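As given, the protein sequences belong to chains V and E, one line each in that order.
Per the working numbering, residue 1153 is the first one in the first sequence, and the count goes up by one each step.
Per the working numbering, residue 1153 is the first one in the second sequence, and the count goes up by one each step.
In case anyone wonders, no lab produced these hints; they're calculated from the structure.
Each hint should be verified, as a subset may be incorrect.
As the list claims (entries may be wrong) - Straight line, CA to CA, 30 Å or less: simulated BS3-like cross-link-like pairs of lysine-lysine: (1) V:K1194 <-> E:K1350; (2) E:K1350 <-> E:K1226; (3) E:K1290 <-> E:K1208; (4) V:K1157 <-> E:K1168; (5) E:K1208 <-> V:K1157; (6) V:K1226 <-> V:K1194; (7) E:K1208 <-> E:K1175; (8) V:K1310 <-> E:K1187; (9) V:K1254 <-> V:K1190; (10) V:K1226 <-> E:K1157; (11) V:K1194 <-> V:K1157; (12) V:K1168 <-> E:K1194; (13) V:K1310 <-> V:K1286; (14) E:K1290 <-> V:K1187; (15) V:K1204 <-> E:K1187; (16) V:K1157 <-> V:K1226; (17) E:K1310 <-> V:K1187; (18) V:K1190 <-> V:K1168; (19) E:K1278 <-> V:K1204; (20) E:K1278 <-> E:K1350; (21) V:K1194 <-> E:K1208.
Claimed, not checked - Chain E regions said to be covered by chain V (calculated; three or more residues, Cβ under 8 Å): (22) 1167-1174; (23) 1196-1202.
These numbers were taken from a predicted model, which means no experiment stands behind them.
Ideal placement from N, C-alpha and C gives every residue a C-beta, glycine not left out.
There are 2 protein chains.
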Amino acid sequence: MNFPKSIENLITEFMKYPGVGRKTAERFVFHTINKLDKEEVKTMVQAFIDLKDNIKHCQVCHNLTDDDVCHICKDEHRDSSIILVVENAKDVFSIEETSQYKGLYHVLNGVLSPADGIGPDDLFLKDLWDRVSKDKVKEIIIATSSTQEGETTALYIKRVLENTDLIISRIGYGVPVGLNLEYADQLTLSKAIENRKKI
Amino acid sequence: MNFPKSIENLITEFMKYPGVGRKTAERFVFHTINKLDKEEVKTMVQAFIDLKDNIKHCQVCHNLTDDDVCHICKDEHRDSSIILVVENAKDVFSIEETSQYKGLYHVLNGVLSPADGIGPDDLFLKDLWDRVSKDKVKEIIIATSSTQEGETTALYIKRVLENTDLIISRIGYGVPVGLNLEYADQLTLSKAIENRKKI
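All chains should be built: construct the whole structure from the sequences, respecting the hints.
Written out as structure tokens, the structure is:
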């Protein structure tokens, strides 16, 4: 026997989320029925709609923002001579939480992965080349994950930029090998930025 | 630093769900941004709206249904002389999955819990007394959880009905003590119904 259709549908939707199996999805749906009133579900629904309507990529660094240019790129107190390159917008927020880094960012929106058919043109790399040629950038810190794809991407960026005057560094020890950046604690992330080494 | 407001809002909403902490909520939101397109989010939103619009309590047994009377109460092949009393609608679906029980249900929508101020009037108990007096009910199986509140509720029902001709039983061994019914496997639930004992 199945649940009524409306329950079954929302279970299916919840199961699209990472780490949510059928049992967890069922708990979520029954929580929605039993613990959230109509007004609260409306708020939830509105939050979904607002997210998709308002969140976009910053025109400069591709960080997520509800504006055209993100508040980091807009901030004149930040050191615009350093660009820290990350895989995803989430990594920007993780690093910002350390309050250690005062430069700018560049979000690639992924990593090079020939096996999955993801090449340089699929990432925001062209914009990075534009930024380093136009702006007074002195240093690039590459903070892609220490996975194989992350390392490949770091190497690729280094090779493209190695004949320029730019200092190219990689965040240093501190980030455990094989771990995604989003799982690293703030101290580890601070250390990693502090101990970056030239590549 | 916080996330943009639209991201922060949906994180807050996800954190209302059981077992969802801040990190998990963040993952869910970034999954929504990165992996679900506008159409998929629309489907999700619609599923929430449909759930709140369509799902109601069965007028007879208070099971969840998208109809006025649930398909179990409507089913003429079921044995209407037995009513199995459960705490929540979710328990109905758990027991239905065993395909062992052919009687009807009655959903209390909670358990007696004086500490939380939940008394007999807060549960669908009056409807249960109505059903047993009106219909040709011969047996009541009480399947509340084996927690203190579940046991108290079972005892309360037994006391109210003990001067009637009804056979009153409690689901038997099989359900581990202290476990909520929804976590029990199907075999355990089947056993528990089979081994019910008169109280």
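Right, here's what the structure says about each hint:
no. : hint                : verdict
1   : V:K1194 <-> E:K1350 : violated, 46 Å
2   : E:K1350 <-> E:K1226 : holds, 28 Å
3   : E:K1290 <-> E:K1208 : holds, 28 Å
4   : V:K1157 <-> E:K1168 : holds, 24 Å
5   : E:K1208 <-> V:K1157 : holds, 12 Å
6   : V:K1226 <-> V:K1194 : violated, 34 Å
7   : E:K1208 <-> E:K1175 : violated, 33 Å
8   : V:K1310 <-> E:K1187 : holds, 29 Å
9   : V:K1254 <-> V:K1190 : violated, 44 Å
10  : V:K1226 <-> E:K1157 : holds, 17 Å
11  : V:K1194 <-> V:K1157 : holds, 20 Å
12  : V:K1168 <-> E:K1194 : holds, 14 Å
13  : V:K1310 <-> V:K1286 : holds, 18 Å
14  : E:K1290 <-> V:K1187 : violated, 34 Å
15  : V:K1204 <-> E:K1187 : holds, 12 Å
16  : V:K1157 <-> V:K1226 : violated, 48 Å
17  : E:K1310 <-> V:K1187 : holds, 29 Å
18  : V:K1190 <-> V:K1168 : holds, 23 Å
19  : E:K1278 <-> V:K1204 : violated, 46 Å
20  : E:K1278 <-> E:K1350 : holds, 22 Å
21  : V:K1194 <-> E:K1208 : holds, 17 Å
22  : 1167-1174           : holds (count 4)
23  : 1196-1202           : holds (count 6)
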